[in-house]
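Let the sequences and hints guide you as you build the complete structure.
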Amino acid sequence: MKRSLTRAFLFLLRRDLMLAYRRRAEAVNPLLFFVIVVTLFPLGVGANPNLLQTMAPGVIWVAALLAALLSLDSIFRSDFEDGSLEQFLLSAHPVSVLVLSKVSAHWLVTGAPLLLMAPILGVSLGLGGNVIWMLFLTLLIGTPVLSLVGAIGVGLTVGLRRGGMILALLVLPLYVPVLIFGSNAVEMAATGLPATAQLSILGALLALAAALAPLPTAAALRLSLS
Amino acid sequence: MWQFFHRLSSPPYFYGFAGRLVPWLAVPAALLALAGLYGGLVLAPPDYQQGESYRIIFIHVPSAWMSLFIYMVMATAGAISLIWHIKLWEAVAVSSAPIGAAFTFLALVTGSLWGKPMWGTWWVWDARLTSELILLFLYLGVIALYGAVEDKRTAARAVAILALVGVVNIPIIHYSVEWWNTLHQGPTVTKFDAPSIHVSMLIPLLLMALACKLYYVVVLLVRVRHVLVDREQSSRWVAELVK
Chain V
1 MKRSLTRAFL FLLRRDLMLA YRRRAEAVNP LLFFVIVVTL FPLGVGANPN LLQTMAPGVI
61 WVAALLAALL SLDSIFRSDF EDGSLEQFLL SAHPVSVLVL SKVSAHWLVT GAPLLLMAPI
121 LGVSLGLGGN VIWMLFLTLL IGTPVLSLVG AIGVGLTVGL RRGGMILALL VLPLYVPVLI
181 FGSNAVEMAA TGLPATAQLS ILGALLALAA ALAPLPTAAA LRLSLS
Chain P
227 MWQFFHRLSS PPYFYGFAGR LVPWLAVPAA LLALAGLYGG LVLAPPDYQQ GESYRIIFIH
287 VPSAWMSLFI YMVMATAGAI SLIWHIKLWE AVAVSSAPIG AAFTFLALVT GSLWGKPMWG
347 TWWVWDARLT SELILLFLYL GVIALYGAVE DKRTAARAVA ILALVGVVNI PIIHYSVEWW
407 NTLHQGPTVT KFDAPSIHVS MLIPLLLMAL ACKLYYVVVL LVRVRHVLVD REQSSRWVAE
467 LVK
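These protein sequences, in sequence, are chains V and P. Under our numbering, the first residue of the first sequence is numbered 1, with each subsequent residue one higher. Under our numbering, the first residue of the second sequence is numbered 227, with each subsequent residue one higher.
Just so you know, the hints here were simulated from the structure itself, not pulled from any lab data. Predicted, not measured: the structure shown is a model, and the values here were computed from it. Among the hints, a few may not be true.
[Unchecked claim] Which bits of chain P does chain V cover? Going by a derived footprint, with three or more residues having C-beta under 8 Å, they are:
| no. | segment |
| --- | --- |
| 1 | 352–366 |
| 2 | 372–386 |
| 3 | 393–399 |
[To be verified] What the simulated footprint calls covered on chain V by chain P, stretch by stretch (three residues with Cβ under 8 Å from a Cβ of chain P suffice, anywhere in the stretch; the number is not a length):
| no. | segment |
| --- | --- |
| 4 | 61–71 |
| 5 | 74–81 |
[Claimed, not checked] Below, in silico cross-link-like pairs of lysine to any residue (SDA-like), each with a Cα-Cα straight-line distance of 20 Å or less:
| no. | chain 1 | residue 1 | chain 2 | residue 2 |
| --- | --- | --- | --- | --- |
| 6 | P | LYS378 | V | SER226 |
| 7 | P | LYS313 | P | ARG449 |
| 8 | P | LYS378 | V | LEU5 |
| 9 | P | LYS313 | P | LEU260 |
| 10 | P | LYS313 | V | GLY83 |
Note that CB positions come from ideal geometry on N, CA and C, so glycine has one too.
Here it is, written out as structure tokens:
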């Protein structure tokens, strides 16, 4: 039984990754959005290198958060529309595990590319080597939390015709802790202080979200499909 | 005792019961508010540091207390409705959200009005203010979600799930915001190190807090009655009621 659950998890993961691969163009959009939002900041606040350097952690984190938010809807949207979501709910496996699989696939497709782009953006805003490493690390731990928590909001709004704005309203307040600890850790690193506390808390948030978030997501999906 | 609670969960019985209860709570609420305001605005002496401006606490503090209290009620009602599928508690959760949002808004506005003469600015990115603001966003999310879902039964259950998610997050948000504030900026706001409040101020404050609680119960009962009638439009007891 346990083995078949693992298999279901991996099967769903592979299926979602395959689907994403077949629609490569779509997967690039959040990444482009991320880059463009970060580019807007120097244009908006001026090109003063000192100012940009101080703002960089916050700017990159907020941009990553918005990119994650924008890509959230695609976690369940296409499965909801073609009816495969109903099949998942009817399957013998616990829905929360299937949710975890779908969220993992979604993060690999939309979250992981942000990690690779963030260091380049960090350099463009004048961050130094170890700070960029910290930025990468916080995004690595933090963005999965965004996907996990966001999935709850998507589960609640997937049945709505225009759920986009409401999704933002539901999910953004819940993103506050991740934003605070993520950008704060980078700022600490920029001033040369250790940021282990922030990283530990981010890790705790990830553990908490991975353990708990799939449950309300599953409940919300059941509700949206009833 | 249990039988009474079981009967209370039935919408027609609750409708009648709540209708009879409302005046018995509304009058004490009004009296307590009058007494509290009189005690706070007239009897209590001006503060030696803040002068007359401190008097806004008689609205501000009860509202801030209520803002958290109502969220807890909403989440508890949501949990009950999800576990036992009781319509009444769905109505309680849904009806609490706008009242809670109103109290949160009131707490923010009165705080801001007090901040202008005291801190010299309408808004400070202080930890408490910020977490109160995020609480308001959480309430608004609940209200927006309830408004967006067409089927109100489903909407109520969605609200219950969201409220439960929110209640897990509120402590996390609160402590992270506190952390954020203490690390980002030094104490620009000189913290009034809570001097043990004088009895002449404490009594009106407690009266006002009690008045706010009763007011919440009254408004909640009225709103729940409306929700129940709206939900049960096609049932017999509503038809008899309208007749």
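So, going through the hints one by one against the coordinates:
With 4 residues bearing a CB less than 8 Å from a CB of chain V, the segment 352–366 of chain P meets the requirement of three and the coverage assertion stands. Only residues whose beta carbon comes within less than 8 Å of a beta carbon in chain V count, and the segment 372–386 of chain P has 5; three or more means the coverage holds. Here's how the segment 393–399 of chain P fares: 4 of its residues keep a CB closer than 8 Å to some CB of chain V, so the rule of at least three is met and the hint holds. Counting residues of the segment 61–71 of chain V whose C-beta lies closer than 8 Å to any C-beta of chain P gives 0; at least three are required, and the coverage claim is violated.
Check result for the segment 74–81 of chain V against chain P: violated, 0 residues qualifying (beta carbon to beta carbon below 8 Å, three or more required). Of the supplied pair hints, the one linking LYS378/P and SER226/V holds, its CA atoms being roughly 13 Å apart against a limit of 20 Å. Taken as a hint, the LYS313/P and ARG449/P pair is honoured in the structure, with Cα atoms around 14 Å apart against an allowance of 20 Å. Annotation: proposed proximity of LYS378/P to LEU5/V is violated, straight-line Cα distance about 35 Å (limit 20 Å).
Proposed proximity of LYS313/P and LEU260/P is contradicted: the alpha carbons are some 35 Å apart, above 20 Å. Taking the CA atoms of LYS313/P and GLY83/V, the gap is near 30 Å; set against the 20 Å cutoff, the hint is violated.
Of the numbered hints given earlier, the model fails hints 4, 5, 8, 9, 10; all others are met.
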